[in-house]
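> Sequence:
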Amino acid sequence: MGYLSCNAESAIATCDPHFKKLKPPAAATKIRHFNYTDIVAAANGFSPDTFLGRGSHGRVYRATFDGGKLLAAVKTTKHNTASNIKCSSPAENEIEILSQVPSPRLVNLIGFSTDPNGNKLIVVEYMPNGSLHDLLHTTKKPPGWNRRVRLALQVAKAVRELHSSNPPVIHRDVKSSNVLIDQEWNARLGDFGLALRGHVEDVRVKCTPPAGTLGYLDPCYLAPEDLTAKSDVFSFGILLLEIISGRNAIDVNYSPPSVVDWAVPLIKLADYPGICDRRIPPPPEPAVVRLLAVLAARCVRSTAEKRPSMAEVVECLNLARKRIRASPIWKNLRRRVARVDSSVPVVAWEECDENDGVRIGKGESGKVSGVGYGSEPPNNNKVMRSKSSGSGYGSLRGSWVKMQAHQSEHGLGRRKVKLKQSKSMGVLQGSVLLHNNNNNNANNNDVVIGLEMGQFVLREERMVEKPLVN
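In terms of UniProt numbering, the sequence shown opens at residue 1 and continues consecutively.
I should point out that these hints are in silico values taken from the structure, not numbers from a laboratory.
Here a beta-carbon is modelled for each residue, glycine too, at the ideal position from N, C-alpha and C.
Mixed in with the good hints there might be a few duds.
As the list claims (entries may be wrong) - Label pairs and their in silico Cβ distance ranges:
1. I280 to P116: 28 to 36 angstroms
2. T37 to K268: 58 to 66 angstroms
3. P286 to P102: 38 to 46 angstroms
4. T37 to V200: 38 to 46 angstroms
5. H33 to R59: 15 to 23 angstroms
6. T37 to P282: 38 to 46 angstroms
Unchecked claim - Okay, derived cross-link-like pairs now, EDC-like style, lysine to aspartate or glutamate, Cα gap no bigger than 16 angstroms in a straight line:
7. K306 to D226
8. K69 to D49
9. K140 to D226
10. K78 to D66
11. K141 to E285
12. K322 to E285
13. K30 to D115
14. K78 to D38
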């Protein structure tokens, strides 16, 4: 089809200037059919002053409609001579899909028109902050880890939304230049010229030749019948490696030039700092890089069936997002734990079943003598200590948790966390905090956050420990 040569210049500056809280477009919003002369006037005759750049299928211009009330981007296209009744042009395909799946996570369609030569013009939301590709590779001040994780999560949610629609949409061209940054610095997925809407067994999907961008294209996608949602997962894995490392998907200045061939061996060796973008300081929480790197490696597995779904990708990135935002809390908790005297009996924490209540007990030998998990503690929001075993309970918004640190079989060391018994308050303290009888709101908030972070670690470990074999 001739689309495999798409490059980073396909970034389109588009955005909804009023987007703030991911609210879907109003139900009354209709796709407008513009008069061609109105579009020419709105784009100032397609003058150089309104030129924004080149898209994957034509030029892009800034346009002002409705007396200056609507700022949009107009994508010009060239007539696809190879198109026929069975194969619509990329422009027609984009109009059809975007009119069916409007979303605040996508660059939404406003309307369209046709020029005198039969070429389609697509009017989409204007985005003033360029593309993710520009943000990663051309800005003087590259984004920090907090913003990178946030943008990755937003893109993952956009792809997940496409895959979960009915019928599902497979984008087929997920890449950094098709991720556009709106006025509020949110990531929006755009350019649906290659996207397919329908189930993989549908005739149209099965008859459409493979397409995509070199460097992001799934190696398993060699024939029309090979297309699945996991092809988008592979492309997202490349994008995630690009976000982590700051490298292009294909860069001849490096050896090997492919970011996959370079990064995955380092990830398998647990050399996570080795793939980080050196232009920015490392994240305050090293486990964030490990989580992102392992997730990316799983997404780019050579066997499509072994890749995670986008729902699992979103879950993993949610953990990374919460982990990096809570880094100051972790540092404070580590300082507290570091002050534990070696003579004070300690208990460790471990993951347990989600059926029976948590009980952390210390026997005479100093080892944990009893544990449990459940939703109903013996006394709500209180810590109890048995004189015989030193047991304790802690509340997590109605649930209970017990944990223990140990070494994983894949060499990914878990964080050793110690809980100490306070003789003055009769509570267990450490990186997982338990409630005491003090009703101080600030203390209770710290307790809840500490317990939640304990749960995040457990869920993170389950994801990180999944094998990286091809």
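> Does K306 pair with D226 here, judged by a C-alpha cut-off of 16 angstroms?
Judged against 16 angstroms, a Cα distance of about 15 angstroms means the pair holds.
> Please test the hint of 58 to 66 angstroms on the beta carbon pair from T37 and K268.
holds, 59 angstroms
> Between T37 and P282, does the beta-carbon spacing fit 38 to 46 angstroms?
violated, 55 angstroms
> Compare the distance between the alpha carbons of K69 and D49 with 16 angstroms, and conclude whether the hinted pair is satisfied.
violated, 19 angstroms
> Hey, K140 versus D226, does the alpha-carbon distance stay inside 16 angstroms?
violated, 41 angstroms
> Is the straight-line distance between the alpha-carbon of K141 and that of E285 16 angstroms or less?
Violated, because 21 angstroms separates the two Cα atoms, which is more than 16 angstroms.
> Measuring from beta carbon to beta carbon, are P286 and P102 in 38 to 46 angstroms?
Taking Cβ atoms as reference, P286 and P102 lie about 40 angstroms apart, which means the hint holds.
> Just to be sure I understand the hint, the distance between the Cβ atoms of H33 and R59 should be within 15 to 23 angstroms; is that true here?
holds, 21 angstroms
> Holds or violated: the 28 to 36 angstroms window for the beta-carbon distance between I280 and P116?
Distance hint for I280, P116 is violated at roughly 50 angstroms.
> Holds or violated: are the alpha carbons of K78 and D38 at most 16 angstroms from each other?
violated, 19 angstroms
> Is the Cα-Cα distance between K78 and D66 16 angstroms or less?
violated, 26 angstroms
> Given the proposed pairing of K30 with D115, does the C-alpha separation stay at or below 16 angstroms?
This hinted pair is violated, its Cα atoms lying about 21 angstroms apart.
In this structure, the earlier hints numbered 1, 6, 8, 9, 10, 11, 13 and 14 are contradicted, and the remaining ones agree with it.
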